Amino acid sequence: MALTYSAGSLVTARGREWVVLPESEPDLLVLRPLGGSDDDIAAVFPAFETVKGAEFAPPVPGDLGDQRAAGLLRTALRVGFRSGAGPFRSLAGIAVEPRAYQLVPLLMALRQKTVRMLISDDVGIGKTVEAGLIASELLAQGEATGLAVLCSPALAEQWQQELRTKFGIDAELVLSSTVSRLERGLDLGQSLFDKYPHVIVSTDFIKSTRHRDDFVRHCPDLVIVDEAHTCVTSDDSKVSTQNQLRYELLRRVAEDAERHLLLVTATPHSGKESAFRNLLGLIKPDLAQVDLDSERGRKLLAQHFVARKRADVRQYLTKEDGLADDSLAERTAFPSDRYFKDETYKLSAEYRALLDDAIAYASERVEEADGQGRREARIAWWSAIALLRSMVSSPRAAAQTLRTRSAAAVAASAEEADRLGAPLTSDSADSDALEGMDVAPGAETEESAGSRLAELAVRAKALEGPAQDLKLKALIKHLKALLADGYNPIVFCRYIPTAEYLAEQLGNDPETKKRGPLGARTVVKAVTGTLSPQQRIDRIEQLAAEAGEDTAARRVLIATDCLSEGVNLQHHFDAVLHYDLAWNPTRHDQREGRVDRYGQKRDEVRVITLYGDDNGIDGKVLEVLIKKHRQIKKDLGISVSVPDEMSTGVTDAIVEWLLLRGRQGQQETLFESDSFQQSFADLEQDWNSAADREKASRSRFAQRSIHPEEVAREVAAVREALGGAGEIDTFVRESLNALGAVLRDSDDGFAAQVRGTPMGLHNALAPVVGAETVERDRPIPFRSSPAVGRGEAALVRTDPVVGALASHVLNAALDTQADGARPARRCGVVTTDAVTTRTTLLLVRYRFHLTLPSRNGEKQVVAEDARLLAFEGAPRNAVWLPQERAVELLEARATENTAAASGERTMTRILDQLSEVTPYLESYGDELAAELDASHRRVRAASGEIVRGLSVTAQKPADILGTYVYLPATASVPAGVSA
22 MALTYSAGSL
32 VTARGREWVV
42 LPESEPDLLV
52 LRPLGGSDDD
62 IAAVFPAFET
72 VKGAEFAPPV
82 PGDLGDQRAA
92 GLLRTALRVG
102 FRSGAGPFRS
112 LAGIAVEPRA
122 YQLVPLLMAL
132 RQKTVRMLIS
142 DDVGIGKTVE
152 AGLIASELLA
162 QGEATGLAVL
172 CSPALAEQWQ
182 QELRTKFGID
192 AELVLSSTVS
202 RLERGLDLGQ
212 SLFDKYPHVI
222 VSTDFIKSTR
232 HRDDFVRHCP
242 DLVIVDEAHT
252 CVTSDDSKVS
262 TQNQLRYELL
272 RRVAEDAERH
282 LLLVTATPHS
292 GKESAFRNLL
302 GLIKPDLAQV
312 DLDSERGRKL
322 LAQHFVARKR
332 ADVRQYLTKE
342 DGLADDSLAE
352 RTAFPSDRYF
362 KDETYKLSAE
372 YRALLDDAIA
382 YASERVEEAD
392 GQGRREARIA
402 WWSAIALLRS
412 MVSSPRAAAQ
422 TLRTRSAAAV
432 AASAEEADRL
442 GAPLTSDSAD
452 SDALEGMDVA
462 PGAETEESAG
472 SRLAELAVRA
482 KALEGPAQDL
492 KLKALIKHLK
502 ALLADGYNPI
512 VFCRYIPTAE
522 YLAEQLGNDP
532 ETKKRGPLGA
542 RTVVKAVTGT
552 LSPQQRIDRI
562 EQLAAEAGED
572 TAARRVLIAT
582 DCLSEGVNLQ
592 HHFDAVLHYD
602 LAWNPTRHDQ
612 REGRVDRYGQ
622 KRDEVRVITL
632 YGDDNGIDGK
642 VLEVLIKKHR
652 QIKKDLGISV
662 SVPDEMSTGV
672 TDAIVEWLLL
682 RGRQGQQETL
692 FESDSFQQSF
702 ADLEQDWNSA
712 ADREKASRSR
722 FAQRSIHPEE
732 VAREVAAVRE
742 ALGGAGEIDT
752 FVRESLNALG
762 AVLRDSDDGF
772 AAQVRGTPMG
782 LHNALAPVVG
792 AETVERDRPI
802 PFRSSPAVGR
812 GEAALVRTDP
822 VVGALASHVL
832 NAALDTQADG
842 ARPARRCGVV
852 TTDAVTTRTT
862 LLLVRYRFHL
872 TLPSRNGEKQ
882 VVAEDARLLA
892 FEGAPRNAVW
902 LPQERAVELL
912 EARATENTAA
922 ASGERTMTRI
932 LDQLSEVTPY
942 LESYGDELAA
952 ELDASHRRVR
962 AASGEIVRGL
972 SVTAQKPADI
982 LGTYVYLPAT
992 ASVPAGVSA
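22 is the number of the first residue of the sequence shown in the numbering used here; add one for each residue after it.
Simulated from the structure, these hints should not be mistaken for laboratory data.
The model shown is predicted, which means the values in this text are computed figures rather than measured ones.
It is possible that some hints are incorrect.
Here are the in silico distance ranges between beta carbons for each label pair [said to hold, decoys possible]:
{"#": "1", "residue 1": "E905", "residue 2": "H239", "range": "47 to 57 Å"}
{"#": "2", "residue 1": "R797", "residue 2": "D377", "range": "51 to 61 Å"}
{"#": "3", "residue 1": "E476", "residue 2": "R272", "range": "45 to 55 Å"}
{"#": "4", "residue 1": "D358", "residue 2": "A842", "range": "39 to 49 Å"}
{"#": "5", "residue 1": "E279", "residue 2": "G206", "range": "24 to 34 Å"}
{"#": "6", "residue 1": "V431", "residue 2": "E796", "range": "53 to 63 Å"}
{"#": "7", "residue 1": "D48", "residue 2": "H239", "range": "32 to 42 Å"}
{"#": "8", "residue 1": "G206", "residue 2": "S348", "range": "48 to 58 Å"}
{"#": "9", "residue 1": "S348", "residue 2": "V763", "range": "26 to 36 Å"}
{"#": "10", "residue 1": "D571", "residue 2": "S348", "range": "34 to 44 Å"}
{"#": "11", "residue 1": "K880", "residue 2": "N784", "range": "27 to 37 Å"}
{"#": "12", "residue 1": "D215", "residue 2": "D391", "range": "54 to 64 Å"}
{"#": "13", "residue 1": "E905", "residue 2": "A78", "range": "28 to 38 Å"}
{"#": "14", "residue 1": "P47", "residue 2": "D798", "range": "45 to 55 Å"}
Note that the Cβ used here is the ideal one computed from N, Cα and C, for glycine as well.
Given only the sequences and the hints, what does the whole structure look like? Please build it.
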């Protein structure tokens, strides 16, 4: 049996109307409900079920709406679109409203046949969203069939959540903890990566030779690599085996020239030019060797590399960007600056004595081990660093370290001692090295020292509490000041025992009725590496929920560096206090970046660094490393990483000087020490060189392949088709008011209570806000910023709460028998001074059949668009108005009452004659199809193969959803003119 219905046509089946989709076969129709979403798609067998051709029913003349009816129906319709007709196939269906600057990497990607991109925007700009936009677009167009995200295991669940909630991509987690379960469900000989098209993979798990070969053989055709700088090696420095394995994995993945590859990192250089070149070589082999100072080199790199600072995008699409006006200007609310304050504390006499005795013990051990061989010397060295770092962290961490055997003690060689000891005592900038590295290291290396260390541990334990631990006392003072100023801080510690100790000292205990020093309204919780990544997120949400919406309540999060990368905390926290100094300043920047990013409501993020004035270590690290890092960032506007080996060289010199002072007494200052002077000189030279390279590269390689005018053109087209933020704000407010909700304004939007609204809206909202919220009439916060926290709704078309409201408004408008208030109606008659002759406004839905060529074959798509068309006079002699005039009619307000009977007669006459405008509507649809065709070709202009075979056809007839007649008010009719 031949296919009776073409893609895009309307049919009636199962008591409702449907749109026929391109996937239909002669004996099977694949249908989407008219006005419904992809979630409601159904298959119908015409041989067994009645299917008839259908035309969209005209409005009912007596079902007249008021002056808001047309605008509300139009917005409700556009919000419901999940298949836009424009060149960005995915934008209508994703649940995130991208900023205009986030479209730049997408535009760059669509100009490549095989997408190869290095996305290196600054921390907090939204690289995950930019990568997600490209991925969802390639999948929607059929350019990619599967997706793999390579990331650290700590970030895997967050990537999974982002892809699912924002882009509708369900990806399976492939981690060491999940692989056995996943493999049990495989068929004989089947690969995990064939069964699951979309996966999020732990880089460290998959890089091993056991798993790498299977992944490379069955790797999806689209790969995103997070924190890509940790996956390359430099040619001029000693690199870890882990980095070499990661690099080998990516090199083999990138060898397939047909594979899309997105590398994501805020620090592409990591201080080494050769590492940067190797990173570029993964994108395109030519980039590893080309002269980047030449015009050819810059043009080649510009096609694949985007790197912008906040200052570049804080204000975008303005006249300063070369546009004619600021009509499309977008201002992104990043915090304007970080307020830094370094606060000191002094050790109590008892703590000072304990630290001196610990330094003396460590000095003796190092000196003794120096004469026993290189292995023993390295074991003693790592034991000494572990002891000193724990001592200055907290009494709890010190006691734990003193009672624990050093991890390096079992080493069979000096090299093994370094491999075992370094991760627990140093602060690598490699985020993949964070997991499991916040445990307190051990200091015991030989049983004979057990009693001496045990005695020190007892003394350390006795120092707990603010009376003897003056560092804790200083923390309480500074936290009180932050809380008094309305801030909700995160306190970052190096070790788990320290974080648990602080939470215990600061928190309230309802069971014992103990009240903490920060007040009864302050909720304190700790998040450490003892929790899984998902448990960490749950703990943070629990903390936010316990604090609630009470403005007097405060939140304090105590965290180790397991939270310093990847987890975004800007919705709940706005200050950072460094309780323990990191020995690599990049770690401080990563900590602060958790709250200082897009979506932070505070204009100023506060950063307090607490350091010991007299412990011999903190002040030197602060002076030499932390302040230098801040100054470079202030000068350049971006962070420049210090190479791990350089940072370690300086801190080693500090420890060496401290131990030498412990053995020989005060002989020379640190800055007179030969080893320190050499280490600092090497650091200074390398760091300044990296900063100079970064500054030059930001200037040379600034994103110039996409001009702001090109972005503005596409942004204008998207907003015209899908609506802008102002339209959504008006729609939500007016709809909720009309439906009987109670609205209360706030600083950044408003809150709505919906218990008094129709049951249909309750049913629509319950799945997205929770049935309990609706039943208990809890306020639903609506925010003007697209970056919202859990439990809040953004005033953007892609927000699920806005979508649920629009669905209810649209369904109620189409169903004249619906219960309760119906804010939108399909017709209306308004008497107004906004017109001088009778004017009719039509809300028309067009359906388009698109043939989109891709390297995986042609893809057939049905897409929708809604347009406002207006004419003056009778339909037969219609004088059609410009598009902007039609839009202006939405703002027209009634200046005189229109009698119901008169309005119904007027509407009946117009509806009876509407067939006269069909030729114009069809020709306008053809014009739209031609414009869409040109838009698709323009966006993909740089890749001729992508547009060969492209076609866009308007499906006829178009659907007239709404008809609205505007009659001139008596005073506005010119003399001698009849209305």
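Going through the hints against the structure:
1. Between E905 and H239 the Cβ separation comes to about 53 Å, which falls inside the hinted range of 47 to 57 Å.
2. Range check, R797 to D377: Cβ separation about 60 Å, and the 51 to 61 Å hint holds.
3. In this structure the supplied range 45 to 55 Å holds for E476 paired with R272, their Cβ-Cβ distance being about 53 Å.
4. A hinted range of 39 to 49 Å holds for the C-beta pair D358 and A842, which are about 47 Å apart.
5. Range check, E279 to G206: Cβ separation about 29 Å, and the 24 to 34 Å hint holds.
6. Remark: the range hint 53 to 63 Å for V431 to E796 is upheld by a beta-carbon distance near 59 Å.
7. Against the hinted window of 32 to 42 Å, the Cβ-Cβ separation of D48 and H239 comes to about 34 Å, which satisfies the hint.
8. Separation of G206 from S348 is about 54 Å and conforms to the stated range, judged on CB atoms against 48 to 58 Å.
9. A hinted range of 26 to 36 Å holds for the C-beta pair S348 and V763, which are about 35 Å apart.
10. D571 and S348 have their C-beta atoms about 41 Å apart, which keeps the hinted 34 to 44 Å range intact.
11. Taking 27 to 37 Å as the suggested C-beta distance range, the pair K880 and N784 conforms, at roughly 35 Å.
12. Roughly 57 Å separates the CB atoms of D215 and D391, a value that falls within the hinted 54 to 64 Å.
13. Distance hint check: the CB atoms of E905 and A78 are about 30 Å apart, consistent with the given range 28 to 38 Å.
14. At roughly 53 Å, the beta carbons of P47 and D798 sit within the given window of 45 to 55 Å.
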